[in-house]
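S.K.: As a plain string of letters, each chain reads:
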Amino acid sequence: MKTKLSLLSAAILTASLTMMPAISQAAIPMAVGGQSVPSLAPMLERTTPAVVAVAVSGTHVSKKKIPDAFRYFFGPNAPQEQVQERPFRGLGSGVIIDAKKGYIVTNNHVIDGADEILIGLHDGREVEAKLIGTDSESDIALLQIKAKNLVAVKRADSDELRVGDFAVAIGNPFGLGQTVTSGIVSAMGRSGLGIEMLENFIQTDAAINSGNSGGALVNLNGDLIGINTAIVAPGGGNVGIGFAIPANMVNNLVDQIIEHGEVRRGVLGVSGRDLTSELAQGFGLDTQHGGFVDQVMTDSAADKAGIKAGDIITSVNGRKIKSFQELRAKVATMGAGAEVEFGLIRDGDEKNVTAILGEASKTTEAAAGAVHPMLAGATLGNSDDGVEITDIAQNSPAAASGLQKGDVIVGVNRSSIDDLKSLKATLKDQQGTVALKIKREKSNLYLVLR
Amino acid sequence: MALKDTLLYVGKAVIFGLIMAAVFLFVTPLLTNKDASNLFIQKRGDNGFELSFSKAVRRAAPAVVNIYSLSVNRNQPLNTGSLQGLGSGVIMSNEGYILTNYHVIKNADEIVVALQDGRKFTSEVVGSDSITDLAVLKIEGGNLPIVPINLDVPALVGDVVLAIGNPYNLGQTITQGIISATGRNGLSSGYLDFLQTDAAINAGNSGGALIDTSGQLIGINTAAFQVGEEGGGHGINFAIPIKLAHSIMGKLIKDGRVIRGALGITGEPISSVMAQILNLPDLTGVMITGVDPQGPAAQAQLAPRDVITKYEGEVVPGVEMLMDRIAETTPGKQITMTIIRKGKYYEVPVTIGENLSADEQ
Chain X
1 MKTKLSLLSA AILTASLTMM PAISQAAIPM AVGGQSVPSL APMLERTTPA
51 VVAVAVSGTH VSKKKIPDAF RYFFGPNAPQ EQVQERPFRG LGSGVIIDAK
101 KGYIVTNNHV IDGADEILIG LHDGREVEAK LIGTDSESDI ALLQIKAKNL
151 VAVKRADSDE LRVGDFAVAI GNPFGLGQTV TSGIVSAMGR SGLGIEMLEN
201 FIQTDAAINS GNSGGALVNL NGDLIGINTA IVAPGGGNVG IGFAIPANMV
251 NNLVDQIIEH GEVRRGVLGV SGRDLTSELA QGFGLDTQHG GFVDQVMTDS
301 AADKAGIKAG DIITSVNGRK IKSFQELRAK VATMGAGAEV EFGLIRDGDE
351 KNVTAILGEA SKTTEAAAGA VHPMLAGATL GNSDDGVEIT DIAQNSPAAA
401 SGLQKGDVIV GVNRSSIDDL KSLKATLKDQ QGTVALKIKR EKSNLYLVLR
Chain G
1 MALKDTLLYV GKAVIFGLIM AAVFLFVTPL LTNKDASNLF IQKRGDNGFE
51 LSFSKAVRRA APAVVNIYSL SVNRNQPLNT GSLQGLGSGV IMSNEGYILT
101 NYHVIKNADE IVVALQDGRK FTSEVVGSDS ITDLAVLKIE GGNLPIVPIN
151 LDVPALVGDV VLAIGNPYNL GQTITQGIIS ATGRNGLSSG YLDFLQTDAA
201 INAGNSGGAL IDTSGQLIGI NTAAFQVGEE GGGHGINFAI PIKLAHSIMG
251 KLIKDGRVIR GALGITGEPI SSVMAQILNL PDLTGVMITG VDPQGPAAQA
301 QLAPRDVITK YEGEVVPGVE MLMDRIAETT PGKQITMTII RKGKYYEVPV
351 TIGENLSADE Q
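Residue numbers (UniProt numbering), protein chains in the order written: chain X, 1 to 450; chain G, 1 to 361.
Same shape as in the complex, but just chain X (with noise of 0.2 Å):
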């Protein structure tokens, strides 16, 4: 009967060991259903068509001033300024997120000034899209289109994220058509660039070209983790060096695209600027990743949180920040009345504290820019007399208008100012050259913006 036994255990251990190869394979992703040969194929076949090419047609306005040696030739009646309109036509990419809605989402830059944007789906159906949403300063854009059949992608925690992970870009590089391409993530948090207003950068290697613009990244499960936004291209084509806009971003947006037809701005009330080794040496920290807090503005919600100049903001929501930029981003992503848990550093000690983000009073920080280009990089808020600089970003076209913090802009031209409406409402009529009415300290004096 021994002998038996032991046959028998053998026969079942063989048999357990037989069926091991077919469970690790189902483990590892490079034998996906059965398959020897590493391959990508059956994660893509389920994802790319979420992936869709997004045709945009639409007219350039440009107002050049005739100079006056033209002029001449015209009499005094001529025309001050020649006003060219040039059509023009883009591509790049787009991702379906919500099948039942139609939702897709975009970046911003590839829809910008579109009349008409058609949606080409991976079947081969041509869809004309309605743009729900856009959000210029992080670079985002909502679409919707009515079609049946539809295919979206999930969408991954992209905080989980890690440098090394693998990372496929799916997008219509150059109009040729859905291409896709790998790589891994070459490093999170990127901020500092220069590109959008508002950055916090997934990079990655895998190769991203002119049109992949608003196309997927996503992870070996083939669920989202950005969209494909900017590459840096020495030469005109990838280098390796790509950025996406990190999913978890896209959706604190799209969520208020959805909700409110745009985004609203949160606001946390601090200015600062990142943490250096030296400032860190100098208050005798551990860490070298954060954003330090220079100001905190009264009765904002940081202030009613409790923040206080000279903390450290180390992490948003759990999630370390490695830059002042990166905070700036996640805080004005997230959205108006967020609930947002912020960890600080403050005399060596390590702290928690909530606060609920205010809302940019319409005109703010970012959108500055848009009230006027040479305005952008100042923040700006409604004070007693005017509308205020409240804080101005350095090398800032604002600062380079002459503008300065704690300037009180009262009038443009010939219309006074009382807020930001009136300025928003002012500054949109006006063409040419603007001249702002400043109040500083106890001087009136007049900046010429161009």
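The hints are all genuine.
Listed below are the simulated SDA-like cross-link pairs for lysine to any residue, each with C-alpha atoms no more than 25 Å apart in a straight line:
#: 1; chain 1: G; residue 1: K55; chain 2: X; residue 2: P38
#: 2; chain 1: G; residue 1: K254; chain 2: G; residue 2: I131
#: 3; chain 1: G; residue 1: K55; chain 2: X; residue 2: D157
#: 4; chain 1: G; residue 1: K55; chain 2: X; residue 2: T287
#: 5; chain 1: G; residue 1: K310; chain 2: G; residue 2: Q294
#: 6; chain 1: X; residue 1: K148; chain 2: X; residue 2: E45
#: 7; chain 1: G; residue 1: K120; chain 2: X; residue 2: E278
#: 8; chain 1: X; residue 1: K154; chain 2: X; residue 2: E126
#: 9; chain 1: X; residue 1: K320; chain 2: G; residue 2: K120
#: 10; chain 1: G; residue 1: K55; chain 2: G; residue 2: K243
#: 11; chain 1: G; residue 1: K106; chain 2: G; residue 2: S247
#: 12; chain 1: X; residue 1: K320; chain 2: X; residue 2: I195
#: 13; chain 1: X; residue 1: K308; chain 2: X; residue 2: E339
#: 14; chain 1: G; residue 1: K55; chain 2: X; residue 2: S315
#: 15; chain 1: G; residue 1: K120; chain 2: X; residue 2: R273
#: 16; chain 1: G; residue 1: K333; chain 2: G; residue 2: P293
#: 17; chain 1: X; residue 1: K351; chain 2: G; residue 2: G118
#: 18; chain 1: G; residue 1: K254; chain 2: G; residue 2: D109
#: 19; chain 1: G; residue 1: K120; chain 2: X; residue 2: T276
#: 20; chain 1: G; residue 1: K251; chain 2: G; residue 2: E320
#: 21; chain 1: X; residue 1: K320; chain 2: G; residue 2: N143
#: 22; chain 1: X; residue 1: K320; chain 2: G; residue 2: G118
#: 23; chain 1: G; residue 1: K120; chain 2: X; residue 2: H289
#: 24; chain 1: G; residue 1: K138; chain 2: G; residue 2: V112
#: 25; chain 1: X; residue 1: K320; chain 2: G; residue 2: N169
#: 26; chain 1: G; residue 1: K120; chain 2: X; residue 2: L193
#: 27; chain 1: G; residue 1: K251; chain 2: G; residue 2: T351
#: 28; chain 1: X; residue 1: K351; chain 2: X; residue 2: E339
#: 29; chain 1: X; residue 1: K320; chain 2: G; residue 2: P62
#: 30; chain 1: G; residue 1: K55; chain 2: X; residue 2: Q288
#: 31; chain 1: X; residue 1: K130; chain 2: X; residue 2: T48
#: 32; chain 1: G; residue 1: K120; chain 2: X; residue 2: S315
#: 33; chain 1: G; residue 1: K120; chain 2: X; residue 2: M188
#: 34; chain 1: G; residue 1: K138; chain 2: X; residue 2: T276
#: 35; chain 1: G; residue 1: K254; chain 2: G; residue 2: V126
#: 36; chain 1: G; residue 1: K55; chain 2: X; residue 2: M188
#: 37; chain 1: G; residue 1: K55; chain 2: X; residue 2: R162
Simulated coverage check for chain G against chain X, where a stretch passes if three residues somewhere in it have a Cβ under 8 Å from a Cβ of chain X:
#: 38; stretch: 52-58
#: 39; stretch: 114-123
#: 40; stretch: 167-173
In case anyone wonders, no lab produced these hints; they're calculated from the structure.
Cβ atoms here follow ideal geometry from the backbone N, Cα and C, with glycine treated the same way.
Starting from the structure of chain X, add chain G where the hints point.
M.R.: Quick look at chain G alone, frame taken from chain X:
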């Protein structure tokens, strides 16, 4: 009763077999995981296994530093210096020795080394070698991250590799590719001996690490030899193999420079035509084509068309081996070579000189 017994035995056997199988299944992955190539496959969450290089990155990346070389304008002594070169480097030891490219720190008045944890150091050049484009720097700091290294595992064509560096000063960047070609590791080695990879390497990656999927250093990246003006993007990039880099580093730390022996000849492999003309037994050896009149070979009466067949008693199969042996010989040492001249064998003593070409560049 018989049925019950049978069931009992069968049941015991089944349970025992399953336990054994479970133990085996549990142990096998642990065993295979010792194989370095499998280290990048790791468990993550409840989704089972996922492919990622993050473990290798975490092991090696902290030891890869950003290097800024500054040039100080002597006419303006108060000027803090302008950025003249950008590159990367790899911390090799606790003592703070850093390997980088020579061209990264060439002509620098001041070198700043920035670690990934934010620490910054001003660094000294321990030594440099223009032939291999390598330099060794030293920083004084505690608790330095060191790159794992294994000199015994050669990089093979097709191996998956990761490049770590600071391209365009964007901040630390990891790119992935494979080894496209390999070269030799001898001391006379010049540019032909690089590892070739399709992992993206750009300006600023120079001097950074090329690692394998277990995080071990296999080469020092150099972006110096790119095709075209714009650089990068062609998938053809080069790295100095770690075995060569490591031996150069040892010499630079010891002597401050790489001392290479010189014979003062030019030579070429034996072609079958030449073998017939010179009446040689086979194609082994190196035929001298030129002799430096001031060099050691000229003093030893060597002349063109002499064929060197042995160096210190060791058979010379070809040019590369001979170049390596000469370079490795300490200048001033007398060695014996076997040559064939007009069909006859001679033993020739030669005093090896020093190759100074590295210092001239």
